[in-house]
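Novice: Chain by chain, the residues run as shown.
2 protein chains.
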Amino acid sequence: MSDAKQIVLAQRPQGMPQPSDFRVESVAMPKPEYGQALVRVIYLSIDPYMRGRISGAVSYAKGVDPGDVMVGGCVGQVVEAKGSSLKPGDFVEGPMGWRSHVVLPANLLRKLDPALAPISTANGVLGMPGMTAYFALLDVCQPRAGDTVVVSAASGAVGQVVGQIAKIGGCRVVGIAGGVRKCAFVRDELGFDAAVDYKVEKDLGAALKAAAPNGVDIYFDNVGGAIHDTVMTQIRLNARIVVCGTISTYNNKPGEEDVGPRQLRRLLVNRARIQGFLVWDYNHRYPEGLARIAAWVKEGRIKYREDFVDGLEKAPDALVGVLEGRNFGKMNVRVSADPTR
Amino acid sequence: MSDAKQIVLAQRPQGMPQPSDFRVESVAMPKPEYGQALVRVIYLSIDPYMRGRISGAVSYAKGVDPGDVMVGGCVGQVVEAKGSSLKPGDFVEGPMGWRSHVVLPANLLRKLDPALAPISTANGVLGMPGMTAYFALLDVCQPRAGDTVVVSAASGAVGQVVGQIAKIGGCRVVGIAGGVRKCAFVRDELGFDAAVDYKVEKDLGAALKAAAPNGVDIYFDNVGGAIHDTVMTQIRLNARIVVCGTISTYNNKPGEEDVGPRQLRRLLVNRARIQGFLVWDYNHRYPEGLARIAAWVKEGRIKYREDFVDGLEKAPDALVGVLEGRNFGKMNVRVSADPTR
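If you read the sequences in order, they're chains A and B. Add 961 to a position in the first sequence, counting from 1, and you land on the number used in the working numbering. Add 961 to a position in the second sequence, counting from 1, and you land on the number used in the working numbering.
Derived by calculation from the structure, the hints in this document are not laboratory data. Remember, predicted model here, so these are calculated numbers, not experimental data. C-beta atoms are modelled at their ideal positions from N, C-alpha and C, and glycine is treated no differently. Relax, there's no trap hidden among the hints.
Under the rule of at most 35 Å between Cα atoms (straight-line distance), these lysine-lysine pairs were calculated in the DSBU-like manner:
hint, chain 1, residue 1, chain 2, residue 2
1, B, Lys1023, A, Lys1170
2, A, Lys1023, B, Lys1163
3, A, Lys1170, B, Lys1214
4, B, Lys1214, A, Lys1163
5, B, Lys1163, A, Lys1214
6, A, Lys1023, B, Lys1170
7, B, Lys1023, A, Lys1163
8, B, Lys1160, A, Lys1214
9, A, Lys1160, B, Lys1214
10, B, Lys1170, A, Lys1214
Here are a few chain B residues that sit away from chain A, every Cβ distance over 10 Å (derived from the structure):
hint, residue
11, Ala971
12, Arg984
13, Ala1145
Just the calculated beta-carbon pair ranges, DEER-fashion:
hint, chain 1, residue 1, chain 2, residue 2, range
14, B, Ala1167, A, Gly1152, 49 to 59 Å
15, B, Asp1100, A, Ala1187, 30 to 40 Å
16, B, Asp964, A, Ala1106, 48 to 58 Å
Input sequences plus hints: build the corresponding full structure.
Specialist: Structure follows, in structure tokens:
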């Protein structure tokens, strides 16, 4: 069998990562032991959190050091398996990393049903981003019909699902996104009530006020930074803010402080709360979330948009694109052919 | 009958209030109508929130405009009552304001039992500050035995109760206070595990780390500002921060932004939350809170310290003292004689 390919971190990026911060390596094709499976990677998921992993800062997960293979969730197909229920040809999702092939313990692989939905969705609406949207919105923010829900990075993998679940729940939904296409997408294709283009609005606060005239009950924050500051000026009594991502800070220098208005007085006056979220805490409830979102997808009540590039070697550029907002929908690298399409 | 005295706001203070921002007035003794009571004020409660009321900024309550009588909670004795169950001689607590005498609807007055505890405690441990401590700690922060609880303004009316309830619940309690006397009080008299003197510690973070080596599970924040920033650097997984006061900002200029580190990344990594609190939201549960704290006081498990000055005309200076941290314990102005002492 030919060699496997993998991408390692060559050096820690300063500020925005560059493709030259990564390096493609060829390694011998790995072999599965008992309880393991050899998987051919088909779709590598590219997500903003990856910037945090290569920063060297302490976070919720072990980081990627120079020389390490980049981490990432993927969809693939089993080539060979020993001592588990997995069979060659099975489609699976799991933490395969930036690789063409990988050997993993079978218990880290979730078997997919290609009849349920395209297998790529296991990286998106029926995967980590969809679960983030589902649990962070419903569990942490507890939306009620009539609430105004604002979501940033609204056309992204998480944001698009957040807005549609909120609509199903009878909320007024305002998306914040960058560019005319993304705004039109969430408003006209996904059914958000309004979209605010942060790249063109000179007065973001006024634009948000026009889109959410009664104020903000829930803010689903994927970006942090100045957009967070602006939304916070318009929160209502008992507002709930969930912090799922802080993409605005991901390219800050190590130790660089993220400074802005302290929200303490505003939280007190409005008896509001800001809560951090990590989807790992809901691993045990994935079956519930996946079943409900799959049903909504099947009913046509949740739509999704994916964005693809071809070839593992494009992964570094795809990550830069996600950090710059160049992707449009859930970003995937097609590492090898998808036999279901 | 002689005239009544009252104190009105003469002009909005710039920065720290001065006694000259207030004015004493004499007015005709008011007379109760049906359903009302005339009350002689005995103890006027002086609290940090009063600075917000005179600032002109929009907040959770209508402000005090120049010419208005200052608002405030008080304990008094009924002089005359019509059309209610109140009788002359009854002790009552209610929103009497900075006055020697006041007429209020009987339903705004809570009758006190002087056999239960000294009547002044209805302004403190058995009043609004005690209820703030009780509900903000137990309901919002949900302490568990073994949690490390940090409370700022630890020797104040709220802080001293917070720490003792947390101790009853089996927590490790660290108080932050200003000055040797206050720190010794919370540690040696109230039984906190440690006290940190923010006025003398050059490296507050290091001092806090020594006092709370395992990190902070709960931060009961009465002050905001730089102390908040420091405590936040040491929060643990699933930390809960309740914002009950922001005294550090109360003398900011109108419109002056309160700027500091955004806590969004830290909240995400730790899946922590910051929540604003206002005790009014718990009015319906006061009977529960009062009964439990009264029992703890009776058992000697909750101690309290009060601070008194004599004479209504001292109220402005007492407020400045509270804002500067000059008081030591719950601040009261003794407006007239307490016949129970």
